[in-house]
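Novice: The chain contents come next:
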Amino acid sequence: MNWIASLAPRFAAAGRRLSIPLADLLVLAYLWAIGTCFTSFILYGEEAYLLVPWWVMALAVVEGAALWESFGVSLGMRLFGRWLSREDDSSPSLGQRLGYWLSWHLSLPLFPLSFLDHEGQTVAERLTGTVLREPPADAPRGRWYRTSSGWAILLILFLTSGAAFGITKVNLSALIKGAPKTAKFWRSLASPDTSILTLGLKLLLETFFMAMMATVFAVVIAGPVSFLAARNLMRGPLARPVYFVVRAISSLTRSVDAIIWAIIFAVWVGMGSFCGALALWIHSIADLIKLYSEQLESIDPGPLEAVAAAGASRLEVIRYGIIPQIINPYLSFTLYRWDINVRMATVIGVVGGGGIGWRLAAHLRSWQFPEASMLTILVVALVWAIDYVSARLRAKLA
Amino acid sequence: MPHLAIDHLTKIYERGKVLALDDVSFSVDKGEFLVLIGLSGSGKSTLLRCINRLIEPTSGRVFLDGTELTALPQRELRRWRRKIGMIFQQFNLVKRSTVLANVLAGRLGYVPTARTLLGRFPREDLERARRALERVGLLEKMFVRADQLSGGQQQRVGIARALMQEPELLLADEPVSALDPATSHSILKYLEQMNRQDGVTVLCALHFLSLARRYGTRIIALKGGRIVFEGSPSEIDDAKFKEIYGEEAEQVEVR
Chain A
19 MNWIASLAPR FAAAGRRLSI PLADLLVLAY LWAIGTCFTS FILYGEEAYL LVPWWVMALA
79 VVEGAALWES FGVSLGMRLF GRWLSREDDS SPSLGQRLGY WLSWHLSLPL FPLSFLDHEG
139 QTVAERLTGT VLREPPADAP RGRWYRTSSG WAILLILFLT SGAAFGITKV NLSALIKGAP
199 KTAKFWRSLA SPDTSILTLG LKLLLETFFM AMMATVFAVV IAGPVSFLAA RNLMRGPLAR
259 PVYFVVRAIS SLTRSVDAII WAIIFAVWVG MGSFCGALAL WIHSIADLIK LYSEQLESID
319 PGPLEAVAAA GASRLEVIRY GIIPQIINPY LSFTLYRWDI NVRMATVIGV VGGGGIGWRL
379 AAHLRSWQFP EASMLTILVV ALVWAIDYVS ARLRAKLA
Chain W
2 MPHLAIDHLT KIYERGKVLA LDDVSFSVDK GEFLVLIGLS GSGKSTLLRC INRLIEPTSG
62 RVFLDGTELT ALPQRELRRW RRKIGMIFQQ FNLVKRSTVL ANVLAGRLGY VPTARTLLGR
122 FPREDLERAR RALERVGLLE KMFVRADQLS GGQQQRVGIA RALMQEPELL LADEPVSALD
182 PATSHSILKY LEQMNRQDGV TVLCALHFLS LARRYGTRII ALKGGRIVFE GSPSEIDDAK
242 FKEIYGEEAE QVEVR
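Respectively, the protein sequence lines represent chains A and W.
Our numbering puts the first residue of the first sequence at 19, with every later residue one more than the last.
Our numbering puts the first residue of the second sequence at 2, with every later residue one more than the last.
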């Protein structure tokens, strides 16, 4: 059985050696594509990712990675903490580096061989008597602008933001010339249609209660469940699997935006504020479980120990050791989530969640600006008020 | 029959396979003030926590008044824990709670869970808490949040919490390591008072040999999880000291 145990470090070593060239190839390919995009935008004013035949790009990227790894410390090598050196930790000679570059091309196709090697070494390393290992402790620690990786990262950031300009079709003249067209909207903001004030208030109340409902019932579920999602409380062979399942479900649920949930529930229960409340509810549960359980994971274990030592039962340990530590942060997170829900409730309304958002979107689509502005003013007033109240209350809880 | 008997106690931490206690046996008579000394990591904390089973020992037995604590089911263990007070290096108070709430937690072993979950303690326990706080000189801090107190005051709250248990045995895990020398003496004097006036047997882990000599009636030294010395404070000479603390150690006085 010993040889099975010895496989793990061997796979780790080989996996790291595979990750380094893959990372470098990815970085260089990305640089090439984004660079092309940037250049074509500057030169021709249009989007293009490939201006040369694809094999030219492929060759440049592969050779670039080979040269970078042979004669320098590549980004991949820095990421995975492996530098090229000789067995005695000294820097390889120029001849060795040249040999490493040539044989590097064999390493990728022959990569499976390094899983057979007990140190995971690649063909290139074996042939040239070099080894990829952790940098020696006294390795020169240059400032970032003296390293090729530093410049690579700077170039990535520069080209990405430059290309983003082209890809999003930034059009400054439209931004300036189109401004007068919105005059009608701004003017109607100053003269809202007050005849729908009562209707607006009713819808606003509906939106507000949508958020309220979602928050209250999310707390009822997330409060107890958060204990199952706290790593420090869920030890042992029975508790750990529960922890992983709860964590997985809640993070999956959270990764689906509330707007998507609203669309799902619009199909499920039909459009309206019930659909909106359900969407906010589901998303709040997942979000609160995360916030709550992180709070639980950061509690001081000392008081739990002290209370248990005094002869407290399991429930008493929770009541006197845990609850006093988490009650204020829990309330604070709940207020924060309530604040978010009120703001989100309007947006949810637009996609079918009912309330004031639904009506506002309808007026906007039919260019009824005075009505739309009345509702906008109401929404802004509510959000501002809730924001203020929530912030004041949370400051009290700190 | 000794008050407390430790019989071949061994603790191996699964993670990292650390041998924290290696076949430790000794016994303590009623009314002793036994001081445990040794470097950090020598097993003092583990030993104390194995006695009230905050940590489950890997093997070996612990007897209190002839009852084997290590064989008790959880429910029975909780009843026995009431007799064993404990104070901690980091005080282990709930910092957001009031001093009173922290002190009352010492009664949790006595009051039924159904009552304590509602936060309703018997009237005599409130009176008891008042007396305990008066004894450690913190009566006027009763309704102050624990995090508003100084380190020395927090440890006195810890002592008051232990007093609430009306313990027969007190485990003290480096109670003064986080405090300055002057405060250290005032805390240890409270332990000494409990020991002498109330007849509480004390097991106290300490860093400094000078403090151990001043307060202990007997000293046990641990090194690497083993007992390397057991005897009266005066028996520790320079050679013994170097054996316990290593060749490079120098004696530091805490007055």
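Heads up, some of the hints might be wrong.
Covered by chain W, per the in silico footprint, the following chain A stretches (three or more residues, Cβ under 8 Å) [to be verified]:
| id | stretch |
| --- | --- |
| 1 | 321-330 |
| 2 | 338-350 |
On the chain W side, residues computed to face chain A include the following (Cβ under 10 Å) [said to hold, decoys possible]:
| id | residue |
| --- | --- |
| 3 | Gln91 |
| 4 | Ala102 |
| 5 | Ala106 |
| 6 | Gly107 |
| 7 | Arg108 |
| 8 | Pro123 |
| 9 | Arg124 |
| 10 | Leu127 |
| 11 | Tyr191 |
| 12 | Gly247 |
If you are wondering where the hints come from, they were derived from the structure by calculation, not from laboratory data.
Positions of the beta carbon are idealized from the N, C-alpha and C atoms, including for glycine.
Novice: Would you mind marking each hint as holding or not holding in the structure?
Specialist: Each hint tested on the structure:
{"no.": "1", "hint": "321-330", "result": "holds (count 9)"}
{"no.": "2", "hint": "338-350", "result": "holds (count 6)"}
{"no.": "3", "hint": "Gln91", "result": "5 Å, holds"}
{"no.": "4", "hint": "Ala102", "result": "7 Å, holds"}
{"no.": "5", "hint": "Ala106", "result": "5 Å, holds"}
{"no.": "6", "hint": "Gly107", "result": "5 Å, holds"}
{"no.": "7", "hint": "Arg108", "result": "8 Å, holds"}
{"no.": "8", "hint": "Pro123", "result": "15 Å, violated"}
{"no.": "9", "hint": "Arg124", "result": "19 Å, violated"}
{"no.": "10", "hint": "Leu127", "result": "16 Å, violated"}
{"no.": "11", "hint": "Tyr191", "result": "17 Å, violated"}
{"no.": "12", "hint": "Gly247", "result": "27 Å, violated"}
Hints 8, 9, 10, 11, 12, counting from the list given before, are not met by this structure.
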